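2 protein chains.
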Amino acid sequence: MEYDEPLFFRVMQYAARADRDVVDMVSGNPDWDAPPALRDGLHEYADAPTEAFQYPPSEGLRGLREEIAERRNVDAAQVVVTVGTAEANYLAMARALERDAGDEVILTDPVYPYYPGKTSMLGGRATFVPVDDRGRLDAADVREVASEDTACIVVNTPNNPTGAVYGPDTMRELADVAEEYDALLVADEVYDHFDYSGRFESALSVDSDHRVVTSGFSKSMAITGFRVGYAVFPHDLVEAAKTRHMLVNISASRPAQQAVLDALQGTPAEYYEETRDMLRERIDAFTDALDAAGAEYTTPDGAFYVMARFDGFPGTMENVQRLIDEAGVAGMPGEAFGESRSDWLRFALVTPRADEAAERLADYF
Amino acid sequence: MEYDEPLFFRVMQYAARADRDVVDMVSGNPDWDAPPALRDGLHEYADAPTEAFQYPPSEGLRGLREEIAERRNVDAAQVVVTVGTAEANYLAMARALERDAGDEVILTDPVYPYYPGKTSMLGGRATFVPVDDRGRLDAADVREVASEDTACIVVNTPNNPTGAVYGPDTMRELADVAEEYDALLVADEVYDHFDYSGRFESALSVDSDHRVVTSGFSKSMAITGFRVGYAVFPHDLVEAAKTRHMLVNISASRPAQQAVLDALQGTPAEYYEETRDMLRERIDAFTDALDAAGAEYTTPDGAFYVMARFDGFPGTMENVQRLIDEAGVAGMPGEAFGESRSDWLRFALVTPRADEAAERLADYF
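In the order they appear, the protein sequences are chains Z and F.
Just so you know, the numbering used here puts the end of the first sequence at 365, numbered straight through with nothing missing.
Just so you know, the numbering used here puts the end of the second sequence at 365, numbered straight through with nothing missing.
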């Protein structure tokens, strides 16, 4: 079994070793601060009695599962707290492929590279469905390639890298396709707090026992290193998912779970709104500067990435390295996300120096 | 694919719901305190800048990997920091079974139940080799069942549940068997700080490129809920293991990693010695009381479990529930660890009330 290591870490290492100042727009690591209630929660936990340092329930701290269930309007029994959204997606895709209902995994092109990585690790076979220039997925295209061999359809909305937000009709039709072929629709909604369009609606609004929703707190609370996410499974699939979770990891880390619980309970809506406003401004400033640089780009409806294309400068790893060395800007090569975006570069707006980066790009091109 | 949920949680739930005071000797959850430096580390981390809250290197914080490498006298490049020893064992067994070098996993009987659970989850087939009454494994018995179909040999030393410590000759011979059949020897040494015999020697002392050592800080630092462990892989296997780790979890939780690193650097040897002395005393007191109760038992050379047998009272789940309800003592049914110990019960010495529990048992029988 072979699977490629995602490129993220290779680009980040290259940028870190560069012999000059580089604006890092590679990874999805937020540069804004976590909610104060999360820091308070960690302090409190650090002084907790030794019982609080021992195994939590494998499926997650009860309070955290209940808090998630209430916010997502689902039964807490359906919720598994995972090691970030990464493990949630792994559990969902493993469940889909273990059901003896096919071995094909339908993904989009462009795609978040961990999905094809997980697919081949789990012994599945990836089929890619292209999205349009603005990142929109036509569910009819998914229906066209789906078959009895389809085990799983994985989508990410709001989308990394395109910034597209899939509407509720699309999600309903994807769930229909999953039901028709006894497959699972896995909706990764880790960017659910970063919708600028007002059109995002969770796949949980689609009533289906063939739909798994995954999410996490890495982005919404700016804590990618804490590794706390969750999956909401249909009732008839959740026990098997919990067993795999137990056998692989036993549980997600308890200090991180407790801090997230405290932050969920103690963080006002303004925290999330302010982050969104700040990102909206960054997107505007960055895309204005891209205009000045004569680049083509997509304005994201959600998440915090901008795809851009510079004339005669395809999105290869080689060109990314040139931009690091010669322009002092680090992005991700579009080819890392699939063939359809091999002319593009992806820039993550996780730095207050986004407009400076755009100016450097304008100077360079 | 089917796999059983380990019984631990079921017994713990039953004990928690009991209508009386119960001495909990079910799980391996330490009741002693974590090193003070770990708590200090968590406090410090809670005030760290936002960069410190983001993704650590997937394979673990560099400082932590170097600290582990130095203590274990290996190359840091061989070390992967994992979500507890659980994930370390999962990665090692997955690697063994992915190598197209067979699908048999040789385990001992009795066995730590997560190993057969992982085996079937990973599509392997478990073969059990019995140990003797004192828990000693004869490597010749492993050689006898090994074949070209053997992918993996998994041992745990110091051993849960038997308390046996395997000597260096045994480990050398097990590595020879692994080499002969192109299998991997996985040595789970999570109880390496709990050797009362003075005979424990890490499998790292055996020079072999067919040997993986797994361990963690759950027991040695009394932090089973933090989920920080590690695996030491041979150079030619470590990259594939890191890729799987990245695709499943991305990384272990960073607050937990940082606290463990601070604790490793700031904890004197006395902390570990005092814990060992305390456990040695508990073992003596508990086994003395078992003598008074007329029970048969094994005195552990390592780890912190005692297996005991009461005449006419086999180690079934039903009898464990009777002991909870009627004697107020919760242990694990021996049958959970394999056929050979179905007459026995396992008691974890993770409570200062171990002698009280033994007295209750003496009264009951």
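Bear in mind the hints are in silico, worked out from the structure with no lab data behind them.
Any given hint could turn out to be false.
As the list claims (entries may be wrong) - In silico negatives: residues of chain F with every beta carbon more than 12 Å from chain Z:
| hint | residue |
| --- | --- |
| 1 | GLN13 |
| 2 | GLU51 |
| 3 | GLU87 |
| 4 | HIS193 |
| 5 | SER197 |
| 6 | ARG282 |
| 7 | ASP343 |
Said to hold, decoys possible - According to the in silico footprint, chain F covers these stretches of chain Z (three or more CB under 8 Å from chain F):
| hint | stretch |
| --- | --- |
| 8 | 44-54 |
| 9 | 114-122 |
| 10 | 251-260 |
What the hints assert, rightly or not - Computed Cβ-Cβ distance ranges for the label pairs, DEER-style:
| hint | chain 1 | residue 1 | chain 2 | residue 2 | range |
| --- | --- | --- | --- | --- | --- |
| 11 | Z | ARG125 | F | SER205 | 42 to 48 Å |
| 12 | F | SER205 | Z | ASP109 | 49 to 55 Å |
| 13 | F | GLY198 | Z | ASP182 | 54 to 60 Å |
| 14 | F | ARG99 | Z | SER342 | 30 to 36 Å |
Note that the structure is a prediction, hence the values are computed from the model and not measured.
Even glycine gets a Cβ: it sits at the ideal position worked out from N, Cα and C.
We went through each hint and held it up to the structure:
1. GLN13: 9 Å, violated
2. GLU51: 8 Å, violated
3. GLU87: 5 Å, violated
4. HIS193: Nearest chain Z Cβ is 16 Å from F/HIS193, so the label holds.
5. SER197: Label holds. Min Cβ-Cβ 26 Å, cutoff 12 Å.
6. ARG282: F/ARG282 is indeed farther than 12 Å from all Cβ atoms of chain Z, at 16 Å.
7. ASP343: 27 Å, holds
8. 44-54: holds (count 8)
9. 114-122: holds (count 4)
10. 251-260: Result for this restraint: holds, n = 7.
11. Z/ARG125 - F/SER205: 42 to 48 Å: 43 Å, holds
12. F/SER205 - Z/ASP109: 49 to 55 Å: 50 Å, holds
13. F/GLY198 - Z/ASP182: 54 to 60 Å: For Z/ASP182 against F/GLY198, whose Cβ atoms are near 59 Å apart, the range 54 to 60 Å holds.
14. F/ARG99 - Z/SER342: 30 to 36 Å: 33 Å, holds
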